[in-house]
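**Q** Sequence:
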Amino acid sequence: MPDPRRADLLMRYQRAQAQFTDRVDAVEPGEWDAPALPEWSVVDLVAHLTGEQLWVPLLLAGESPDVVGRQVPTDPAELLGGDPLSAWESAADAALTAWAADDVLSRTVQLSSGPAPAGDYLTEMTVDLTVHAWDLARAVGGDTALDPELVAEAFRYAEEHLGEDGVPGVFDAPVEVPPGADLQTRLLARFGRRA
1 MPDPRRADLL
11 MRYQRAQAQF
21 TDRVDAVEPG
31 EWDAPALPEW
41 SVVDLVAHLT
51 GEQLWVPLLL
61 AGESPDVVGR
71 QVPTDPAELL
81 GGDPLSAWES
91 AADAALTAWA
101 ADDVLSRTVQ
111 LSSGPAPAGD
121 YLTEMTVDLT
131 VHAWDLARAV
141 GGDTALDPEL
151 VAEAFRYAEE
161 HLGEDGVPGV
171 FDAPVEVPPG
181 ADLQTRLLAR
191 FGRRA
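Residues in the sequence shown are numbered from 1 upward in steps of one, following our numbering.
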């Protein structure tokens, strides 16, 4: 019998990928060097997410982070070539195909932080795509409105998994939000971003 949780997780992941794809597609040729995050340009951000997608099939196949880290390049030029959108779409498709395997949620994945249930990894990937879609849109003056269902799921994840200091080296500590802030603003603040 199909696992309804699997269908929901995959649907959200696919929507998060599509949301990020829309943001990548909206980047104009002169915007790739624009700052996206304190230490990343737009091209660095897209390369980061492209690389993360390339890790998925390998980790789900049982490879260790050390092995995968040697197989997946980190250099944006190597990851994206001359066509960032095509590179992103190819990596996203490969990841989605890997996640679509029937037994995927029964697997344990070896992450840099240690072993984790594949479903937790899938949720983490969905949250990362959601927050970074906002980063990318903000960097190029694009549409910063995020899918409300993805925002709600990402906020739930943040409340359950992020400490008061964020995740050092990964997510900044939360920032204050004004009273009555909407859920997207609260989500972004939880990840150290000011909307």
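What the hints contain is simulated information worked out from the structure, not anything from laboratory work.
Predicted model only: the values in this text are computed from it and were never measured.
Be aware that a few hints might be false.
As the list claims (entries may be wrong) - Computed Cβ-Cβ distance ranges for the label pairs, DEER-style:
{"#": "1", "residue 1": "D93", "residue 2": "A26", "range": "14 to 22 Å"}
{"#": "2", "residue 1": "Q71", "residue 2": "A181", "range": "39 to 47 Å"}
{"#": "3", "residue 1": "G114", "residue 2": "D25", "range": "19 to 27 Å"}
{"#": "4", "residue 1": "E149", "residue 2": "A195", "range": "34 to 42 Å"}
Ideal Cβ placement from N, Cα and C applies to all residues, glycine included.
**Q** Hint by hint, note whether the structure agrees.
**A** Consistency of the hints with the structure:
no.: 1; hint: D93 to A26: 14 to 22 Å; verdict: 19 Å, holds
no.: 2; hint: Q71 to A181: 39 to 47 Å; verdict: 42 Å, holds
no.: 3; hint: G114 to D25: 19 to 27 Å; verdict: 35 Å, violated
no.: 4; hint: E149 to A195: 34 to 42 Å; verdict: 18 Å, violated
Hints 3, 4, counting from the list given before, are not met by this structure.
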